[in-house]
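K.L.:
What follows is each chain in one-letter form.
Protein chains: 2
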Amino acid sequence: MMSFHFEIEARDGKARTGSFATPHGKVETPVFMPVGTVATVKGVPQDVLEELGVEILLNNTYHLYLRPGVDMVRQLGGVQKFMSWDHPILTDSGGFQVFSLSDLRKVTEEGVMFRSHLDGSSHFFSPESAIAAQIGLGADIIMAFDECTEHPAEYARTRASMEMTLRWAARSKKYFEEHKPEVPWFSSRQEKTQSLFGIVQGGMFADLRRVSAQKTVELDFPGYAIGGLSVGEPRPMTYEMVDAAIRQLPDDRPRYLMGVGTPEEIVHYVAQGVDMMDCVLPTRAARHGLLFTSQGRITIKNARYAGDEGPLDPACNCKVCLRYSRAYLRHLYASNELLAQMLNTIHNLAFYLGTMRKARQSIRTGQFAEFVSGFQPPHVDPLSRPAAGS
Amino acid sequence: MMSFHFEIEARDGKARTGSFATPHGKVETPVFMPVGTVATVKGVPQDVLEELGVEILLNNTYHLYLRPGVDMVRQLGGVQKFMSWDHPILTDSGGFQVFSLSDLRKVTEEGVMFRSHLDGSSHFFSPESAIAAQIGLGADIIMAFDECTEHPAEYARTRASMEMTLRWAARSKKYFEEHKPEVPWFSSRQEKTQSLFGIVQGGMFADLRRVSAQKTVELDFPGYAIGGLSVGEPRPMTYEMVDAAIRQLPDDRPRYLMGVGTPEEIVHYVAQGVDMMDCVLPTRAARHGLLFTSQGRITIKNARYAGDEGPLDPACNCKVCLRYSRAYLRHLYASNELLAQMLNTIHNLAFYLGTMRKARQSIRTGQFAEFVSGFQPPHVDPLSRPAAGS
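If you're matching them up, the sequences are chains A and B in order. Reminder that position 17 of the first sequence reads as 17 in this note's numbering, one-by-one numbering, no gaps. Reminder that position 318 of the second sequence reads as 318 in this note's numbering, one-by-one numbering, no gaps.
No incorrect hints appear here.
Note that identical chains are pooled: a pair holds if it fits in a single copy or bridges any two copies.
Calculated cross-link-like contacts (lysine-lysine; reagent style DSBU-like; alpha-carbon spacing at most 35 Å):
| # | residue 1 | residue 2 |
| --- | --- | --- |
| 1 | K301 | K106 |
| 2 | K14 | K319 |
| 3 | K301 | K81 |
| 4 | K42 | K14 |
| 5 | K180 | K301 |
| 6 | K319 | K26 |
| 7 | K301 | K42 |
| 8 | K81 | K173 |
| 9 | K26 | K192 |
| 10 | K173 | K106 |
| 11 | K81 | K319 |
| 12 | K301 | K319 |
| 13 | K42 | K319 |
| 14 | K192 | K14 |
Derived from the structure by calculation, the hints contain no laboratory data.
Go ahead and model the full structure; you've got the sequences and the hints to work with.
P.N.:
Have a look at this one:
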């Protein structure tokens, strides 16, 4: 059975728009995937995600592996059924969280020993066990287990790490090919299976990015991610690394840039030929009161909004902008109310998804360059603080 | 202009069903009013409240007075416009919160000096200033300023407190009659005004409850509340005090029992002839994972639900029960996710509102006694802890 099919419908410069099909439905690209860490996009119920037009979610393998556990999700039919989301889901490999959240990790050729950030318990992820976990969780797209090289890192260290990621990619693929019918919904979805994507690493060295991309492509995956970026490096360097990788990636497979970015950045990446992105920024920033609008960023707690009867973004037709005033949103945030986090998150997701919708449309009509140049530069609210890392 | 009209459509024993009209719409009784403390029902957006069939909300004067402040809400058109809820709202007088939340209060005949629980700042509520605040906030139904007598209290102390509440009721009414056109929506709602309800006090002494009710009725309000109950006394005593008050209240005015109760209790109060109730229990308990169902109470964090694919309440058709499993709700709660609080609250409100809907229907069809006897006794989850006070 064909479980994954990517089709490019239109191009404009390096940007492309199209779609791919998964066992749980079709996804239009370029696509932004909201992060649903532990099988929930924080503060947003699934029906609202559907209203927003979300087509695919990202779940974190590391978090679901720890809680409620892979066996439980498998027993409940896989993560789509578990969270009542009958649409595509992608899981990451767990590697990034192991490297960023857990304590006392020990990396060997075999894999990574780490301690849970929840209770300090010891766990081990190898390429094989990370793929086994992802098969058990049952997302439509799963990721090879990689080492997310720390930044900054020396050339030799980065090359060695990248080469180990290549060996881990081969082991990931071997395990996946041998076990892919074990996905919980195999029989109920016409024996379709998950799709395993490879991940390009190589730190901040363009030649290592090229080698990583070439060698990962030799392993032949249905899609390719670019990992280990947006980890503190200056943005022009990110753009250079993305470009170095993309030039080696086949045109007919989706390209997934992991963990990015601001609205301006995701438009830039689409222009570079990226098809898929995910980021906690719109959801995390929302919970901290940083809102993205067509007029720039807004820090909703500012006293200037206390009496502002206007909508958050006059150009937005999300349910938050259609119903509530800035004054009310400011009051909810200042009062530390749950509804602040919900409404702010709904709006920020609407802004990101709307940006991608407009990007796709403009590529189809050959007006992508105009869309990019018309896209508002970041008008940073003078009192705002960066929220991405908080 | 007639701003308030109460009509009884059917009776069954002492229970009655009917409706009242307010400047922002009609309300069917008996009615349960969800608590929207600071102009938001914690975790539930307004469109979901509408889907749930909420007809009237309660807002807390004390909280809104402190944040965002009466002048701000007035400037924004009143609390209905402020929170984008174009339906009836009731505000309490602030008295209960002054007595339960604030520090260093000092009660005199003139009023109450208190310190904000937020920042320790000093404030003063008199009958006049509490009504002024409620006129500025602009709810459809507002409450006379009362002293909520502490429990337990001696007879003499309770009588003196009750008598002061009577004098405060007269002052509240006088101020209201002189200032009622100052409500922010006066001109935009055909010069309709708010309705001021009186409050019966009298502690746990039936004769004081009778006197309080008689004297409050002499002041002539369009509706009467019974306050100062469900403050720690045994439930049979509550029922006795409610009965003592109701016997003195006119049949043709709505009776509002403040701050109650469990599902079983609210059904009991309807049987006693109560028309309106409010309580934080369904919403607060939900945030602590205590859920009300047709099969009894559920403490969702219990491990027994970890693999339970069934709905929270098989007899409930709320959007939570129709979409999510107990296993998922348990996972959200155990993971301390925002969505747990939202979904739990939506279900508990659906249960309370559904209970009232069934009560009204059964009174109309003369089957209220059957409804009461068929209403499930509290099957308390053995591992559950009381959540109402936490």
